[in-house]
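Peer 1: Residues per chain, in single letters:
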Amino acid sequence: VDLEVTHWWTSAGEAAAVSEFAKVFEEQTGNTWVDSALAGSGTGANPVIISRIIGGDPMGATQMNTGRDAEELIKAGLMRDLTDVVADMNIDSFYVDESLLTPCRYEGGLYCLPVNIHSWDWLWLSTKAYTKIGQPVPKDWNEYVASWPALEEAGILPFGLATGWPFSGIPGVLMSGIGGSDLVLAINRDKDVEAVRGPQFRKVAEALDSLRKVISPETMVPSFGDVGNQLLEGTAAGNIHGDWLQGDLQVAGGVPGKDYECLPALGLGDKLTGGGDSFYFPKLPEGTDPAVLQAQADLARILISPEAQLKFNLVKGSMPIRTDIDLAAANPCMQKALGMLKNGLLPSGDFSLSSDTQQQFQDLNTEFLDDDSITVDDYIERYASILESDE
Amino acid sequence: MQNSVSIRDLSLNFGSVKVLEHLDLEIAQGEFIVLLGPSGCGKSTLLNCIAGLLDISDGQIFIGGRNVTWLEPKDRGIGMVFQSYALYPQMTVERNLSFGLRVAGMKKDEVEKRVARAAEILQIQPLLERKPANLSGGQRQRVAIGRALVRDVDVFLFDEPLSNLDAKLRSDLRVEIKRLHHRLKNTMIYVTHDQIEALTLADRIAVMKNGVIQQLADPHTIYNRPVNLYVAGFIGSPQMNMFTGTLSDSTFTTEDGIVIPVETYAFDTPATGSTAAVLGVRPEHIVLGDETAGMPFTIDVEIEIVEPMGSDTLAWTKIGGQAITFRCDSDVVIATGHKVRIGFDPARGSIFSAETTNRL
Amino acid sequence: MQNSVSIRDLSLNFGSVKVLEHLDLEIAQGEFIVLLGPSGCGKSTLLNCIAGLLDISDGQIFIGGRNVTWLEPKDRGIGMVFQSYALYPQMTVERNLSFGLRVAGMKKDEVEKRVARAAEILQIQPLLERKPANLSGGQRQRVAIGRALVRDVDVFLFDEPLSNLDAKLRSDLRVEIKRLHHRLKNTMIYVTHDQIEALTLADRIAVMKNGVIQQLADPHTIYNRPVNLYVAGFIGSPQMNMFTGTLSDSTFTTEDGIVIPVETYAFDTPATGSTAAVLGVRPEHIVLGDETAGMPFTIDVEIEIVEPMGSDTLAWTKIGGQAITFRCDSDVVIATGHKVRIGFDPARGSIFSAETTNRL
Amino acid sequence: MSQTSTMAGASRVAATNAVQEARGPRPKPFFTPRKIIIYSLLVVFSMYYLFPLYVMFTTSLKSMPEIRFGNIFALPVAPNFDAWVKAWTSACTGLNCQGLAPGFWNSVKITIPSTIISIFIAAVNGYALINWRFKGSEIFFAILIFGSFIPYQVFLYPMVIIARELGIFGTLQAVIIVHTIFGMPILTLLFRNYFASLPQELFKAARVDGAGFWRIFFEIMLPMSLPIFVVALILQVTGIWNDFLFGVVFAGTQNYPMTVQLNNIVNSAQGTPEYNVNMAATVLTGLVPLAVYFVSGKWFVRGVAAGAVKG
Amino acid sequence: MLKRILFNNLPAKIAALPMMVTVLVVFVGCTIWTIYYSFTNSKLLPTGKFVGFDQYERLFATSRWNVSVTNLIAYGAMSLVFTLVVGFILAVLIDQKIRFESAFRTIMLYPFALSFIVTGLVWQWIMNPTLGLQTTLRNLGWTNFSFDWIANPRMVLFALLIAGLWHGTGFCMVLMLAGLRGVDEEIWKAARIDGIPTWRTYVSIVLPMMRGVLVTALVIIGSGIVRLYDLVVALTNGGPGISSEVPAKYVFNYMFSGGNIGQGLAGATMMLLTVVIIMVPWAYLEFGGKGRRT
Ligand SMILES: Nc1ncnc2c1ncn2[C@@H]1O[C@H](COP(=O)(O)OP(=O)(O)OP(=O)(O)O)[C@@H](O)[C@H]1O
Ligand SMILES: Nc1ncnc2c1ncn2[C@@H]1O[C@H](COP(=O)(O)OP(=O)(O)OP(=O)(O)O)[C@@H](O)[C@H]1O
Ligand SMILES: [Mg+2]
Ligand SMILES: [Mg+2]
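Protein chains in written order, with my numbering: chain Y, 1231 to 1621; chain H, 2 to 361; chain U, 2 to 361; chain W, 26 to 336; chain G, -16 to 277.
The hints are simulated quantities; they were obtained by calculation from the structure and are not laboratory data.
Beta carbons are placed, not taken as given, at the ideal position from N, Cα and C, and that holds for glycine.
Honestly, I wouldn't trust all of these hints.
[As the list claims (entries may be wrong)] In silico lysine to aspartate or glutamate, DMTMM-like type, Cα no more than 25 angstroms apart, as pairs: (1) Y:Lys1541 with Y:Asp1322; (2) Y:Lys1253 with Y:Asp1519; (3) G:Lys172 with U:Glu22; (4) G:Lys172 with U:Asp56; (5) H:Lys319 with U:Glu121; (6) G:Lys32 with Y:Glu1301; (7) G:Lys(-4) with H:Glu73; (8) Y:Lys1513 with Y:Glu1256; (9) W:Lys160 with H:Glu22; (10) W:Lys53 with G:Asp37; (11) G:Lys172 with U:Glu356; (12) Y:Lys1443 with Y:Asp1370.
[To be verified] Among chain H residues calculated to face chain W with C-beta under 8 angstroms, some are: (13) Phe15; (14) Val18; (15) Ala52; (16) Leu54; (17) Gly80; (18) Met81.
Just chain Y, with the same shape it has in the complex:
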């Protein structure tokens, strides 16, 4: 039977990764994976996915923003409870961190399955740029900040940035790298407003403040892939971006350790903030062919099966959700990450904060970056008040 799967993995590398899932699914079950990709991630695809579910034309499975959004769909009874489907797999035993599954649980049911772990927490550095100014490549964020004046003097962009969403992950990275695990837990899990007003968070805000001074809209490039090129060419010295940047660097012929360096958690912390892409399985309308329901269940199991996990994550460049997979083939950066993964994951914002709050944080960060008249104090205060109002 046909099973429609929607997702927003539309770039070449991502599509290749998805096709691994599809292949496994089709080989093992004999069903057909009907692929509906929608570009535009959260803003473009999410409304369409949600409106289709609400509109009574649900797909068989879909990628979706994890978090409290989905909760409402679950509440409305629009999502399939997977508890029985994966009952015999003992999923708690192999998931890297149980926190990954937390957002999927609701009143005792299980409604989604994270299929990979992504982390934003990477500082990427250009070897060529530092060769130009005759300095060693920094080992952590602080050294990196210290090198900015020299870079600027040499006409090199200290921090390359693409317009639009790539900025949105940076404040979170600074928070976990500079603020440390406790701060992240206090804010993202406990919603502790006082932590925001505390000294640790102030350091984060100051880091963001210093960062905005070396970023100017004029030097921004259209896409983060272009930043990768800047790093390889040495026209920009560093960039904070998620692990998927690696794929682009590799495609452009960069070799880790030689052409670029990667510093997980800014070289400061020992845990990564992790988030995953999750799949949901909407409840199909009454009278749907039982074979389709079966295919849905099969797909759920396959997505988290070791075979599919290995194939998918190798191509995608992300980390698998299972601890029991041998990733010897992974490159040095990935190896570093796998090492840190053993320490567990820090929860990222979308686990416990509503997307409304996240949207507001993002609005605030965007505004702060751009508008120098907002002081660090203002920033902290507004941040606190948004957090306060999160329900």
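Following the hints, position chains H, U, W and G with the ligands against chain Y.
Peer 2: Below, chains H, U, W and G with the ligands without anything else, positioned relative to chain Y:
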């Protein structure tokens, strides 16, 4: 005999604007009635009410003895000809003529027969395959009439059918319509604001003003014995000359003190005492020079302006302070500044009460 | 005396279409010239050439002795009044009158003086603050004339200024324009296709056809001694009755063999031999009943249609196969089917060569 | 500056000579300041309008390295249609690497019925509003026009629910209905104004002839409304073809229009964009509405003159 | 009699049914729905409880919303003025009996055929400081050349304007041209006789006569401005920072990706209110004034 069209107590409002109020009109079988009045007086509105194109506010309409007040236009037994011809531009003449019949689902050979007959009456056989855009104004008008003709109805309604045409064509088609009426003998109701059309075509003219019929009579009566000042002024070109003044016994004294004896005038209402009145005399009833002999009233005047009109000449002058016009033969030599003697017989004029504006 | 406007050898083409060809026209100071002709004959085109609104193809135009062929309209010393009034709709009457003067940079008090004078002449002082939309047709017309008036020019051009108005207003404004001319004594060139306007207003009429002036003469001559069939037929309403036939010596024989003696006719060109010719007689020159006594030609006819027009009556009948119209007094009682004797004097008619269509 | 003074000089000479010799047409110099200003303005504006089209075309014919290092003005060094071919046949969205082609046919499937139905309904509305007024019809029209100002987003959510309740969500019917609804205000306005400018007497004549509502509409009114039909047709074809939001939300997966594919290709969130393919895809998507305008632009102008002016 | 009122004009009423349903269900019904839920705390689904004016209080305390409104007003005013002015100038130029009239007309009109998405993409490409016009000209030697409006918070609205005008002026030109051609020829002649210069005639006489066209153009441009969304998303996505945010985008973000329908609908209701405030006087002039004119 039963009347062909009878309108009883008709009222029509557009929202709060009352256009027609309690209007009654009886039209005999085969009569040619002209509705005449200035623009905006409600002529077209009345015609549209008869045709059923407007929903009336009150009253009843009978056509051929049937109460048609609530019937659709097509069921009223009427045909209508419009000012702008209103030919269907994308259809040939033949299709224009036959459209209504085909809509009614008439048999094909019957349709053909009727179209052929109408085309023959109107002499438009050679035009049947043309589109309206390729016809001259007069031809279009004929096709428009043909469209009413084929419907084989008792009552024809015309809404200013000639007013878009030039003067020459207008006078030719006027005669044609008259011939058509002689031949068909249907009832015809004809709206116009052109008094020449009204006078030449009508069996009876209904002169309207502000939705009210002022006078309903044959053209000769309308012209020579208008019932009030309004009708007197509206009919006749150049306009009737009006003297304001006082009427006492058998003399009329103008404001300037000029005395005009009116013994010869046949009063509708016997005159009593002295009343403010208006004496009207038509330009062609004023005579000049030798002809003034024997006229009850004569006076010497100076010519102000002369308008030669080919067949006759119009002259403008003053009696007292009052500007007047008179018409004389084009052979008479007069020019601005000439001093002449003119005169008229009040018997051929009209006298109105200044107060009620009605004929005395 | 120097001519006010003189047009020499004027030609105008629109692309390959020749609208005016080698046209000459001399207009004296203070003269009122009417250009009369059917639609599309080039009247407006000629007027626009004089005004400088159209670039001519060849020839010269002089106004007040100056060669203005290449000058801008505003520099030609002309004022123009348009058929659609062409008032600037969003400006008050006062602004409409003064706009051109202000744009030209005239001093404010001078502008006011001129506007006041024009307003006084045209009696539109109370309207100065109104917008054109709030004026009646006649008032608009007057403002349009005022706009020409303030420019203080020698030559006024009118392009069918009355044709958008209703009949009554038209005849009133006609007189006003005539009065204005008497008062101002400028040269006026007036385009119309209405022959009554032409006959009443003009000092001289230029009858045009296809861009060529057919006859240029005073109204009386035009009406009574048309130079060719075209002019004869174009002027006069109802149209001149035309008999086709043969002229030999002093008799005219119609196609139906009816013989009409024409000894009394004053030939322009002495008639020789026998030629195909057309005899034209105006409807008002045909007399009825007793008046026929002494007429060179009389005949008994049957009345076909009677059109009472108030002041007179038109009757339609046939002489031989030829339909003719004649006019009689409205007092005369005639009706369809009556047999009457009619007659006329060919001296008052016109005879044209059938071949050249020119007057004989 | 010197231009104008020589012009003035020339006309002075002409003026002195003109007194006696002026004859025939006014002399017209080939270059007048007026003409120079008009044409230079036109050329400048045209460059503004044409530049993006030029950039689109040339970029789509270049290779990626050339784009990254070259300049956007330059003509392609070695023009080739690879990017076009890729955009049409093999550009990927997720796993589907069929390029724009299937989207093209989907767009056709959506555009044709939506255009026909929306125009038909709007034409009937305009006709009923002018010729068959009934109590309240003007109020409906006023609300309709007012509705055209409301951002679509306001309606999206409830419309999804309505569509769900009607059981047509995710079908062609749904998207056709949505296009009909949102095309209604402006099209109804157009048709209403146009029908208002036709002589009322035609309508009356047809009623006297016994024709009813539909008969008059089809046999009398429609054949006379060609100009306004062209305008409506152009507006709807381009509008519906360019639509993204309604297509993606209401049409259902099977019917995703070309714009969705374009969006997928261009906005693939991650990785280095292939600008040449993007531009080729953009041009390809715009080709249909562009063709419509280039072919029928003249009619459009005429139709607008016939309908819209009497607003 | 009642039957007569009901069934009078029946086919017309049936034919107008789609319109009536649309108006009642979509334009009235959905609007009421929107207003109602803007007073609830609905998140992803319209299920929230009534919370009074909470959403509005938050709305007006949000700087992104306030910036959006300011931007829309600034952009709207400029866009309206420039579209009308440029449209009119173009129409006047085209009206000068020029050669290749239809070619010029087509060139000006074709952008209207392209979607805002395409418009945004192309102009983003052209105006991008690191790839587009600026870099190109710098590479060609004008090292000081600067054209970074799209990246400059103070100029970004002008960047939007450039793209917006590119898209919309052609259509405005067509409307204006239709208006110009509708002006009575004799008005032009009268003005020439009066010696009024051409430009003056256009400005003082012809322009005020084109009221109908201006109203139509205003309605069309105005409704486009209020809805402004696609162009911003494609060209700047609200950036840099939030300097080119617009209300429609705010509404869309919160309704669909922000998962706060209540907030989104509150924004939508405010937009609606603005439209009402602008439209009511116009509607009064247009419809209410008719009684006086006839
Ligand atoms: N649809 C309407 N709504 C409101 N008033 C109207 C309407 N139609 C006509 N009127 C008014 O009704 C009056 C009569 O109009 P009608 O058309 O009958 O005049 P008319 O005598 O035919 O004039 P004309 O000679 O100009 O055709 C006018 O004052 C007009 O303003
Ligand atoms: N711009 C033009 N291009 C081509 N032919 C034209 C143009 N203007 C007028 N004509 C033609 O020139 C001829 C004369 O036109 P003109 O307007 O002078 O006629 P007219 O005598 O004023 O008619 P009317 O009484 O209808 O105003 C007509 O045949 C007309 O078709
Ligand atoms: Mg009427
Ligand atoms: Mg003319």
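Peer 1: Broken hints, numbered, in rising order?
Peer 2: As far as the earlier hints go, 10, 11, 13 and 14 are violated by this structure, in ascending order.
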